[in-house]
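Going line by line, the protein sequences match chains A and B.
Residues in the first sequence are numbered consecutively from 1, following the working numbering.
Residues in the second sequence are numbered consecutively from 1, following the working numbering.
Please keep in mind that the hints were generated in silico from the structure rather than gathered at the bench.
A virtual CB, placed ideally from N, CA and C, is assigned to each residue, including glycine.
Some clues are possibly wrong.
[As the list claims (entries may be wrong)] Computed from the model, here is a short list of chain B residues facing chain A with C-beta under 7 Å:
| no. | residue |
| --- | --- |
| 1 | N72 |
| 2 | L77 |
| 3 | R79 |
| 4 | E97 |
| 5 | S98 |
| 6 | E99 |
| 7 | Q105 |
| 8 | H116 |
| 9 | L133 |
| 10 | R240 |
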Amino acid sequence: MRFTDGVRWIVTALGTGRSRSILTVVGIAIGIAAVALLTAIGEGVRSYVMTEFSQFGTRIIGVSPGKNVTGGIGGILSSVRPLTVDDADALRRIPAVETVIPVVQGVGELEFEGRHRNVKVMGVNADMPAAWNFRVAQGRFLPEVQAGAASSPYVVLGHTAHQELFGDRSALGRKVRLGGRAFRVIGVIEPKGDMLGFDLDDIAYIPADLALQLFNRESLMEIDLTFAAGADMVKLQADIRRRLIDRHGREDFTVTTQDQMLNSLDSILSVLTLAVALLGSISLLVGSVGIVTTLTTSVQERRGEIGLLHALGAPRQQILILFLGESVALSLCGGGIGILILLACKGVALVFYPAFPLTPQPLYIALALLLSVGIGLLAGATPAYRASILNPVDALRSE
Amino acid sequence: MVLASGLRPDSESRPDSESRSAPVVRLSQLNRYFQLGDQTVKALDGVDLVIETGDYLSVMGPSGSGKSTLLNVLGLLDRPTSGDYFLNGRLTTGLSESELAHHRQIAIGFVFQSYHLIPRLSARGNMELPLVLAGWSPAQRRQRVDEMLDRLQLSARADHLPRQLSGGQRQRVAIGRAVMLKPSILLADEPTGNLDTHSGAEVVRILEELNQEGITLVVVTHDQALGARAARQLRMVDGRIVMDQRVDSGAT
Ligand SMILES: Nc1ncnc2c1ncn2[C@@H]1O[C@H](COP(=O)(O)OP(=O)(O)O)[C@@H](O)[C@H]1O
Ligand SMILES: [Mg+2]
């Protein structure tokens, strides 16, 4: 039998049992769309998160208080010495380190001439714009402070915070109140946008030591370090550890490189992707069961036809191939429609939310189609085999 | 691409010259038993039969006497329980499934009481099915099928589906399909069983015409008049051939 004749045979056979075929195709389509869509989202979210993170620069090491002990929280329960601004100053003396930023976060109420706004408050230091790739739009950022000296009550506003409080007026030199204390505005940051849905511009930056007082905290939340390109990471981490252990007496802190942060993020995303792909596979399973029943019924109904094929001398494997072909055609059709659904979703996403990370990769589309072929072969195997070994005498008698 | 190797239109479908002189069919002590519970039904019971090329046989006998079973065995659709079956001089017992399928394709034509046309295919589509399965090209098929449609006076009905055809037309399509690859033997099981007298006569006329062109013809029938037309008349009872009569001049 010629290939084109085989295809024509399969298509007309499927066209005859149309309503059942359509139902099965829809099942597979939804499954394939789900798998492809979810993998696309997974892949998209990953690269989205990666770029979001690397916008702060890639040569960042974080030090946080408390030791991560795998399998328990013992390290946190036992007494942990606070990370202080002095610790940060000490780390600055490591040769490869370029900038050190003590970080304290909180929320506070900004007030100016009777206007109020709740903003995120970041306690940092003069190194922050350089370390995190922020640029100052007006005025200047927080000034350098001598190690050990107290900072002046200055505040630098993010774009949104400034807009909300001052509108088009200049804020430079104005006094605002933050958490009940007076701060002088000395600068405004350029708009930075969102990161993972969080507005980076609705922030007030104040010196870290003042933030500690404001939030009544002993310890910094984190110390961020940036280092020179080409620095020896292993030595650098060792240096950081040694210096802090010297000061704390033991390792009651955690050093995290950005690579490690991205890695753990990556593995979380991988698990997520896997989970959603699994969900899609379940709908595919449902679709394949549909194929099995469709084909089984079809073989049952077309016993006379199968008997005839035998009588006309069609070899068993030819009958097997024809029925497998019907199965693969069904699933491939479902797969194709699934891909179309995916592309439609992409289109809708583009119109309504361009930033939504949905990238259907050609590789995944190809894999999805391949998957549907595999499903067709697998689901069709048993009914097609049954058709091929049908006793022709019985089959011909059945009409 | 060809899905499975099949007969090419130009290939020689007849067996080698040595066996050409052999009878089309030779059955020797052929048995076909069915086991029903602890009971053995002897559908064919020690059948000896030689059918020469060009023979025209009718097989009559009461219902359940084994006529259909004989036809199925002759057509290689069913395997005998024991005994030998030589088709065109070649022993068929012991052939593999695919060899049997191949012999069905090149040497056997079936005509059924219930036609067994494929409902979604047109008259042409049904007729060309053996050629499609054998891998003929559309152009070669068209020529062959056109000839056959013309000969069976079905040209005007070529694109009709089976349900749009009368019983007689359906059976003519089925006959065209059966002889499409020029089989050495044509096996018809009650070919007129579902037809009125007129269409039945037309179908018989076509079968006999094909027989006169050299195709060996075996017709199973309940119809005395039809059975009496054959040059050689068999009668079966309980799986045995109880009468094998040659009539010098069949009715013409
Ligand atoms: N598949 C089968 N299983 C069991 N018994 C069968 C089968 N096919 C035929 N028989 C039996 O074999 C005998 C001959 O049947 P069959 O050849 O169909 O007779 P006929 O065609 O002469 O009416 C009958 O008794 C029938 O019941
Ligand atoms: Mg019968």
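Consistency of the hints with the structure:
1. N72: With a minimum Cβ separation of about 5 Å from chain A (threshold 7 Å), the hint on B/N72 holds.
2. L77: It holds, given that the least Cβ distance between B/L77 and chain A is near 5 Å, below 7 Å.
3. R79: violated (10 Å)
4. E97: holds (6 Å)
5. S98: Holds, about 5 Å.
6. E99: Hint violated; B/E99 Cβ to chain A Cβ min 10 Å, cut 7 Å.
7. Q105: holds (3 Å)
8. H116: With Cβ-Cβ at 5 Å, under 7 Å, it holds.
9. L133: holds (5 Å)
10. R240: Violated - the Cβ of B/R240 stays beyond 7 Å from chain A, reaching only about 20 Å at its closest.
Violated hints, in rising order: 3, 6, 10; the structure is consistent with all others.
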